[in-house]
Amino acid sequence: MPRINSPAELEEYRKELLSKTASDKPTIAICSGTGCNASGSNEVAATLEEELEKQGLSGHVEIRRTGCHGFCERGPIVVIHPEGICYFQVEPKDVPEIVSKTIKDKEIIERLVYTDPITGEKIFYESEIPFYKNQVRLLLGSNAKIDPKSIDDYLAIGGYSALPKALVQMTPEQVLEEVKKSNLRGRGGGGFPTGRKWEESRKSPDPIKYVIVNADEGDPGAYMDRSLLEGNPHSVLEGLIIGGYAVGAHEGFIYVRQEYPLAVENVNLAIRMAEEYGFLGKDILGSGFDFTVKVHQGAGAFVSGESSALMTAIEGRVGEPRPKYIHTAVKGLWGKPSVLNNVETWANVPLIINNGAEWFAQYGTEGSKGTKSFSLVGKINNTGLVEVPMGMPLKDIIFKIGGGIRGGKKFKAVQTGGPSGGCLPDELLDLGVDFDELTKAGSMMGSGGMIVMDEDTCMVDVARYFIEFLTDESCGKCVPCREGMRQMLKILTDITKGKGKEGDIERLEELAEVLSEASLCALGRSAPNPFLTTLRYFRDEYEAHIKEKRCPALSCKELIAYYIDPEKCQACMICSRKCPAGAIVGGKNQIHVIDQEKCTKCGTCYEVCPPRFKAVKKISGEPVPEPIPEEARTIVRKRSKKNG
Amino acid sequence: MGEITLQIDGKEVKASEGMTILEAAQSAGIYIPTLCHHEKLEPYGACRICTVEVETRGRTRLVASCLYPVEQGLVVRTRSEKIDRIRRVILELLLAHAPDSFILEDLAKEYGADRDRYEKEASFCILCGLCVRYCAEVKKKNAIGFVDRGIRREIAFIPEIAAKECWNCKECFPLCPTEYLQAAYVLTEALNPSHNVQD
Numbered sequence: 001m002p003r004i005n006s007p008a009e010l011e012e013y014r015k016e017l018l019s020k021t022a023s024d025k026p027t028i029a030i031c032s033g034t035g036c037n038a039s040g041s042n043e044v045a046a047t048l049e050e051e052l053e054k055q056g057l058s059g060h061v062e063i064r065r066t067g068c069h070g071f072c073e074r075g076p077i078v079v080i081h082p083e084g085i086c087y088f089q090v091e092p093k094d095v096p097e098i099v100s101k102t103i104k105d106k107e108i109i110e111r112l113v114y115t116d117p118i119t120g121e122k123i124f125y126e127s128e129i130p131f132y133k134n135q136v137r138l139l140l141g142s143n144a145k146i147d148p149k150s151i152d153d154y155l156a157i158g159g160y161s162a163l164p165k166a167l168v169q170m171t172p173e174q175v176l177e178e179v180k181k182s183n184l185r186g187r188g189g190g191g192f193p194t195g196r197k198w199e200e201s202r203k204s205p206d207p208i209k210y211v212i213v214n215a216d217e218g219d220p221g222a223y224m225d226r227s228l229l230e231g232n233p234h235s236v237l238e239g240l241i242i243g244g245y246a247v248g249a250h251e252g253f254i255y256v257r258q259e260y261p262l263a264v265e266n267v268n269l270a271i272r273m274a275e276e277y278g279f280l281g282k283d284i285l286g287s288g289f290d291f292t293v294k295v296h297q298g299a300g301a302f303v304s305g306e307s308s309a310l311m312t313a314i315e316g317r318v319g320e321p322r323p324k325y326i327h328t329a330v331k332g333l334w335g336k337p338s339v340l341n342n343v344e345t346w347a348n349v350p351l352i353i354n355n356g357a358e359w360f361a362q363y364g365t366e367g368s369k370g371t372k373s374f375s376l377v378g379k380i381n382n383t384g385l386v387e388v389p390m391g392m393p394l395k396d397i398i399f400k401i402g403g404g405i406r407g408g409k410k411f412k413a414v415q416t417g418g419p420s421g422g423c424l425p426d427e428l429l430d431l432g433v434d435f436d437e438l439t440k441a442g443s444m445m446g447s448g449g450m451i452v453m454d455e456d457t458c459m460v461d462v463a464r465y466f467i468e469f470l471t472d473e474s475c476g477k478c479v480p481c482r483e484g485m486r487q488m489l490k491i492l493t494d495i496t497k498g499k500g501k502e503g504d505i506e507r508l509e510e511l512a513e514v515l516s517e518a519s520l521c522a523l524g525r526s527a528p529n530p531f532l533t534t535l536r537y538f539r540d541e542y543e544a545h546i547k548e549k550r551c552p553a554l555s556c557k558e559l560i561a562y563y564i565d566p567e568k569c570q571a572c573m574i575c576s577r578k579c580p581a582g583a584i585v586g587g588k589n590q591i592h593v594i595d596q597e598k599c600t601k602c603g604t605c606y607e608v609c610p611p612r613f614k615a616v617k618k619i620s621g622e623p624v625p626e627p628i629p630e631e632a633r634t635i636v637r638k639r640s641k642k643n644g
Numbered sequence: 001m002g003e004i005t006l007q008i009d010g011k012e013v014k015a016s017e018g019m020t021i022l023e024a025a026q027s028a029g030i031y032i033p034t035l036c037h038h039e040k041l042e043p044y045g046a047c048r049i050c051t052v053e054v055e056t057r058g059r060t061r062l063v064a065s066c067l068y069p070v071e072q073g074l075v076v077r078t079r080s081e082k083i084d085r086i087r088r089v090i091l092e093l094l095l096a097h098a099p100d101s102f103i104l105e106d107l108a109k110e111y112g113a114d115r116d117r118y119e120k121e122a123s124f125c126i127l128c129g130l131c132v133r134y135c136a137e138v139k140k141k142n143a144i145g146f147v148d149r150g151i152r153r154e155i156a157f158i159p160e161i162a163a164k165e166c167w168n169c170k171e172c173f174p175l176c177p178t179e180y181l182q183a184a185y186v187l188t189e190a191l192n193p194s195h196n197v198q199d
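Protein sequences appear in the order of chains A and B.
Residues 1 to 644 in this note's numbering are what the first sequence spells out, letter by letter.
Residues 1 to 199 in this note's numbering are what the second sequence spells out, letter by letter.
Looking at chain A on its own, in the form it has when it is part of the complex (with noise of 0.2 Å):
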């Protein structure tokens, strides 16, 4: 490939790329993000392959290996173009008939397609499925359209055509006002003005400044950056060189994660690929302007997605956070102005340069612009990657796209901005979802992690876990969060396991407001949060786990027991047969009783009791029922007619 000069032979090659590619030739897009992957797409597109070549259709059906199309619970996910038909959940043993009635007869295999949990419609189109048809998806989409290892699909839709434009017929300061203009805030979790953050760094007067991509994606359950630098690497790559040329660096970096293999490829490609075609390098598109980007990989420490931290670790040392009296946009890495911004944040800059700020900021709310995405996950149904406008109700984004909660269980909250954020009632689920109303709740964005809950979730748990997670990734540098979260821990360990005293929560709310204060960094600054909010919207839960030593959700092990309704049982054996602790007494015709000193609350007997005796109790804040006499448990039983 010949390096590309100018913006004239730019699109003079755009157009020559579409002609090549017919538009009603058969292509079938096979998701290959993360989650496909795991469940099997890899399996898939090998044998659709073969199937291709066994039938006689090989060179005449294009196969294109996507990132992530954000339906993972259905995955593997395979879409056929030019129709648009999607199938979920396919399996290599679907292919031939995928190939055979689907691609040769344009027949529609409705076994694979997505059927309406409620209405019980088949739905045959991506676009009209509830997930994808309330989403609006401006990043995420083009994840489906294009394989990520080729540059060339990143072409024909239409990318680096923000480049030359921000390159050639713009002014730095005027790629800057754009960005400022549309309101773009940092998606990475503090919201902070993108624009802002540039200027800053631009009118610092040292000449050497550095752009930075974080995708450090560190929140339990969160994958939205991962998918995005895995499926669409060059919209992020072209954000960066934008942003470089707008605040004057020439020099970029991409923090990733080594934990995320298939980005880290992906995004390595996509440099060498700009390299060739000269988006990177010197004179970019005959502009005059040089830009070179290096990936640098994590070593899996949560923290070095704070800021600070981050350009430490890049300079080659332990990731801990610095004090940012002085922000690093000013003195960042080597003591250069550095502008850091997530990577679902440099993918929108392309869209903003290309489409203008009033565009961009036609979506979302008068404080957040534009659309974010969220990583549903937990008790939902429909587990995925959404893309949303800012401002979306919370309920809609878990009942509309995510399908509402598994098992037709009662909601009971939301988590969002992970082990920053905040736990969100059922009553807030109107709550537009924006940087302003999730602080104003109490949690935050983040980075746009989504954890939902159902009834059976006990909410002192839920905090415990995340101040357990940050008490293993915090750096330990600073006495209010190491000593503090250990405390924290320690407490709330004890809360749930019954060994709650009078006072506990004062002593939680003290150390909350010593770590949210003087805390070195954002880290422990917003640890307390998870605690804050379970605490402001279910209190009641803290204090039956302190005073009744009751768990309401019946969750926490050491305060639930089980035991058998002697009513109700109908000694069927079952659940003594699978009792992994040989605890429950009782045999044929004998109603079981547990004995309570040998249960390990493991919950077996709970889920193997057949539904249609429900003889098996959990009980939490009250005193087991007495065991019925031995002599009283002989269940007899009415003599059926054949023995009889």
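One or more hints might be untrue.
[Said to hold, decoys possible] Stretch-level coverage of chain B by chain A, calculated; a stretch enters the list once three of its residues show a Cβ under 8 Å from a Cβ in chain A:
| id | segment |
| --- | --- |
| 1 | 83 to 92 |
| 2 | 114 to 128 |
| 3 | 143 to 153 |
| 4 | 173 to 183 |
In case anyone wonders, no lab produced these hints; they're calculated from the structure.
Glycine is no exception: its CB is placed at the ideal position from the N, C-alpha and C atoms.
Fit chain B to the supplied structure of chain A, relying on the hints for placement.
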């Protein structure tokens, strides 16, 4: 270096650009407690006991005075109900490690900290990092460092270096606010065969 005027606890204080609030306060004879600070070392900002309240452009916030650079017109308060409460909790957290440290005991009296408020921890070390930083920055030997992170963070002598450098130096010992260091060193010495061989 330009001269800056700021206000600390209602008193006008002159400072030069690049100074921290702590340095400005010390030069004016205003006391702010510190644990991880040492004049020969780079500011570290880990113990947070030097937290003070600053008012800039109408906003009040808490900052670590050992790190925060002075600004013209800055208004600083070194004591308030909130600051005292935060210092008390920080001391209580540290007393869980080193209940008999003289330095902590004195501060505990001042701030009403209860040494038994939190369950005792096994290690005396409060991870102020004075030894680690002194060895790295002043002695340039790096004979002692931090290992691990979060609540598992601890200090450790690097036996290969410590065996050669520490015996005749021990300059970090008096810096330790809890005397943990001496115990740790003695232990390393005892466990380190290379030193015994040299003897």
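Quick rundown of the hints versus the structure:
| no. | hint | verdict |
| --- | --- | --- |
| 1 | 83 to 92 | holds (count 4) |
| 2 | 114 to 128 | holds (count 6) |
| 3 | 143 to 153 | holds (count 7) |
| 4 | 173 to 183 | violated (count 0) |
Of the numbered hints stated above, the single one contradicted by the structure is hint 4.
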